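Engineer: Work the whole structure out from these sequences, hints included.
Protein chains in written order, with the working numbering: chain V, 1 to 425; chain F, 1 to 119; chain D, 1 to 329.
These are calculated hints, taken from the structure and not from any lab test.
A portion of the hints provided could be inaccurate.
[Claimed, not checked] Not everything, but these chain F residues come out facing chain D in the computed CB check (under 8 Å):
#1 Pro4
#2 Arg19
#3 Ala20
#4 Thr21
[Stated by the list, open to error] Within a straight-line C-alpha distance of at most 20 Å, the following computed SDA-like cross-link-like pairs (lysine to any residue) qualify:
#5 F:Lys13 with V:Arg182
#6 D:Lys36 with D:Leu282
#7 F:Lys17 with D:Arg40
#8 F:Lys17 with D:Pro48
#9 V:Lys20 with D:Ala215
Quick caveat, the model's predicted, so the values are computed rather than measured.
For every residue, glycine included, the Cβ atom is placed at its ideal position computed from N, Cα and C.
Residues per chain are reported as follows:
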Amino acid sequence: MSEQKAGTEIPVGPQHPSLKEPANFTLNVDGEVITGAEMKLSYNHRGIEQAVLGNSYIENIYLLERICGICSHAHTSAFTQGVEELLDLDVPPRARYIRTLIGELERIHSHMLWLGVAGHEIGFDTLWQYAWRDREIVMDLLEEITGNRVHYSINTIGGVREDLTDDQRETILAGMDDLQERIDFYQETVPNEQTVRMRCENVGVVPKDLAREYCAVGAVGRASGVPTDVRKDAPYAAYDDVDFDVITDDRGDLLARTVVRIGEIAQAIRIIRQVAERIPEGDLKASAKPPQALLAQVPEDDAVSRYEAPRGELIHYIRSDGTDTPARVHIRVPTLANWPTVVESLKGSYIADTPIVVAGIDPCISCTSRIGVETDGSHGGENAFDLDELREYGIDWYDERGNVERPSTAGEGRTATDGTEGERP
Amino acid sequence: MSIPGKLIPEALKTLGKDRATVSYPKNKRTMPDRFRGAVEFEPEPCTGCGMCERHCAADAITVETDADGNVTWSYDVAKCMFCGQCEESCPTDAIVMGQKFELADSEKPSFEESYTFDR
Amino acid sequence: MSLELDLATGLLYLLVFPGFAFLFAYGLTAEFLDRKLYARLQNRVGPPPLQPLADFLKLLSKESVVPDNATARIYNAAPLTGLAGVFTAMLYIPVWTEQAAFAFEGDLVVVLFLLSLPSFSLFFGGWYSGNVFSRIGTTRTITQLFGYEIPFFLAAFAPAVAAGSLSTSEITAFIGANPWYVLVLLPAFAIALLSLQAKLERIPFDIPEAETELATGTLVEYSGRKLALFRLTKDVELVVGAALLSALFLGGPYPAGSIEGFAGVAAGVVVFLVKTLAVIALLTVLKAVVARLRIEQMVSVFYRVLVPVALSQIAVVLLVGLYTEGLIP
Chain V
1 MSEQKAGTEI
11 PVGPQHPSLK
21 EPANFTLNVD
31 GEVITGAEMK
41 LSYNHRGIEQ
51 AVLGNSYIEN
61 IYLLERICGI
71 CSHAHTSAFT
81 QGVEELLDLD
91 VPPRARYIRT
101 LIGELERIHS
111 HMLWLGVAGH
121 EIGFDTLWQY
131 AWRDREIVMD
141 LLEEITGNRV
151 HYSINTIGGV
161 REDLTDDQRE
171 TILAGMDDLQ
181 ERIDFYQETV
191 PNEQTVRMRC
201 ENVGVVPKDL
211 AREYCAVGAV
221 GRASGVPTDV
231 RKDAPYAAYD
241 DVDFDVITDD
251 RGDLLARTVV
261 RIGEIAQAIR
271 IIRQVAERIP
281 EGDLKASAKP
291 PQALLAQVPE
301 DDAVSRYEAP
311 RGELIHYIRS
321 DGTDTPARVH
331 IRVPTLANWP
341 TVVESLKGSY
351 IADTPIVVAG
361 IDPCISCTSR
371 IGVETDGSHG
381 GENAFDLDEL
391 REYGIDWYDE
401 RGNVERPSTA
411 GEGRTATDGT
421 EGERP
Chain F
1 MSIPGKLIPE
11 ALKTLGKDRA
21 TVSYPKNKRT
31 MPDRFRGAVE
41 FEPEPCTGCG
51 MCERHCAADA
61 ITVETDADGN
71 VTWSYDVAKC
81 MFCGQCEESC
91 PTDAIVMGQK
101 FELADSEKPS
111 FEESYTFDR
Chain D
1 MSLELDLATG
11 LLYLLVFPGF
21 AFLFAYGLTA
31 EFLDRKLYAR
41 LQNRVGPPPL
51 QPLADFLKLL
61 SKESVVPDNA
71 TARIYNAAPL
81 TGLAGVFTAM
91 LYIPVWTEQA
101 AFAFEGDLVV
111 VLFLLSLPSF
121 SLFFGGWYSG
131 NVFSRIGTTR
141 TITQLFGYEI
151 PFFLAAFAPA
161 VAAGSLSTSE
171 ITAFIGANPW
181 YVLVLLPAFA
191 IALLSLQAKL
201 ERIPFDIPEA
211 ETELATGTLV
221 EYSGRKLALF
231 RLTKDVELVV
241 GAALLSALFL
251 GGPYPAGSIE
261 GFAGVAAGVV
271 VFLVKTLAVI
281 ALLTVLKAVV
291 ARLRIEQMVS
301 VFYRVLVPVA
311 LSQIAVVLLV
321 GLYTEGLIP
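Structural biologist: Below you can see the structure in the form of structure tokens.
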């Protein structure tokens, strides 16, 4: 065990049962208290931004949808909004309403998922099971409206692909009634359950000024009293037509985030009811042209598109070069904006709080993996690599590893740590 | 400090409820009409325009036309990601997203499907 | 009674009932019922009845790895000590009559000591398995041990004070003779339940093994046979703990204990099963409705809340005793 710094170093991740996706935290602990935390990300770099460049805008909708299995609609909406801006298309109101509807249903299922995960992280498995059971109401609605539980694929450039039938509106309203009952139950019990309060109150606190300084977005920012919400600040889809409140809290701890997220589910139900009742008649797409004809019209330009994903503000930057494939797409997912607050709020909290503090920002770790930047200064004091340095570093690393004598795998009794630690320089 | 156990009434009520889990292969649910399962192809209306291949983000569909004008339309369900864009792009409704979703198999060739026809 | 017969009944107690065979079967059954009820409380299906046995047998057939960093001798011995402790403890707890299989004045102290053995075996197994997670789990196990042992002892001594004896069998007989003491001892029963939950490391006190924090903590390196033994220890400990609570606070086999002959034994066993399962059900419901505490919160709850309550419970028992003796009006 390394004892260079005060106390013990505990590695959390990249593989750890509390992390559903790979990320690495190195915690310096003194007894049960964390004195320092370091974070490494990008274990799951999938090269999506590069892959996007080889596909047409139409194909990219489905590719970008697969960045995340939870906020899939957020990514397609942000992307199609950007492309519509490039094409100067006016999305018809009915399509805007349907996008809003799916977006809010998605917000509900994402927050319910988080509630379950948070329950599991603090050892409250019953809450986890209940939240995920009730989440099925929304999942079934989504499947009925769009044809898939996860990747709805309802957005297309200039509108939506599927209409909302009257039967479906009835089903949605009935489903919302059931869900409202459940949310009332969660609002009443979860923040008032003493053991939940003990685990969440004053844990992982992000004060308002820290949230502002680190640009925390979404429920994390709102729970710290920063009322940022793209839906209000720069309304897209049908958000300027519907009434809803931005839920904020000023405590900044995990309890506040729980309260804010459950409150947002209630607001989402409110929005969905308005949409289902007031959806205007009209076209689904801005233009009747086949998709290929639209793609031929994309000018040389760039666009920034913002979307309030369940986890916070999602930004897509799209640069086109006049062909049917984009020249550059950059994606800033909300989790990236919230990571720094995690490292700050880990310091001084207990080891036992690590899972819930990490889960408290509702991290979507694989979505965040855009680029790997080594910042621990172990490669000659620099803070980042350029491409040549990265090559050199990679070659050196493999050379060094090649010199290590490999343990023989043949014969003898196997033991757990056989040749997996200690020898590496 | 309040007494823990706000969930006790709900938990005891749950004891009387039917289980939420469904015994899957025994009780199959019917998929909604819009469900996007494996692609179903009808060679008759197909013109061999290749729009489905062009818009397929997963490269699951290939359309080839040889010198004699024979069109070969092939589809690999193992690559397909069931977005339904091919159905959307097809100008003649030759492609429809089916309802089939139990697609697992241990033989690779069984994922591939191919039609050759004259246009 | 001849020496041979004595030896034969002794072996019967030890190996069949209420010893090894019975505890093994009942422990696995209790695990099944616990898991099933837990699942039903969460609206899940839960395991089939033979699942715990299947898990146990599967683990037995798996490779049991000893890590390089572990101190092999202690690492291998740890699972056995805990299991031996809980099996032995059962012999001093009354099952079908008010008389335990073996009993002597002061066996309550022995039972309490033997019930601490699993925690110590966890401590030794975890500490010497050379893994950082198991070390943290180990320190938590010990911290938790200090947290719950004192309230548990105090709660167990409340009926002992009432009965004026440190023999489990005599306490059971006393409670059986004065059933209204069950009500007087209710606070001590609640404390003992919470302490037992902490001893068994179940939610909300599963802090040492905290799946989402420490990946089962102390047991993180254990696999195969040794893990199976640890899990069996937990199951048997659950049963023995429930039996102890039923003997100390619920009057053990009462009202069936006084019936003579075979019918009495059968009725006694039924009452034993009903009472222990009721205790296990209470523990399961508790597990289902709360979140896991942090270690320092757990210790603070036990010291600041439960110890004073347990102390005043003993005072109440003393006063009630004096009142029934007619020493105070």
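Engineer: Each hint should be assessed against the structure and marked as holding or not.
Structural biologist: The hints, checked one at a time:
1. Pro4: Holds, because the Cβ-Cβ distance from proline 4 of chain F to chain D comes to roughly 5 Å (cut-off 8 Å).
2. Arg19: Where the cut-off is 8 Å and the nearest Cβ of chain D is about 5 Å from arginine 19 of chain F, the hint holds.
3. Ala20: holds (5 Å)
4. Thr21: holds (5 Å)
5. F:Lys13 with V:Arg182: With Cα atoms ~14 Å apart, lysine 13 of chain F and arginine 182 of chain V stay inside 20 Å; holds.
6. D:Lys36 with D:Leu282: Given that 20 Å is the threshold and the Cα spacing comes to 14 Å, the pair holds.
7. F:Lys17 with D:Arg40: holds (9 Å)
8. F:Lys17 with D:Pro48: This hinted pair holds, its Cα atoms lying about 19 Å apart.
9. V:Lys20 with D:Ala215: holds (13 Å)
In summary, the structure agrees with every hint in the numbered list given earlier.
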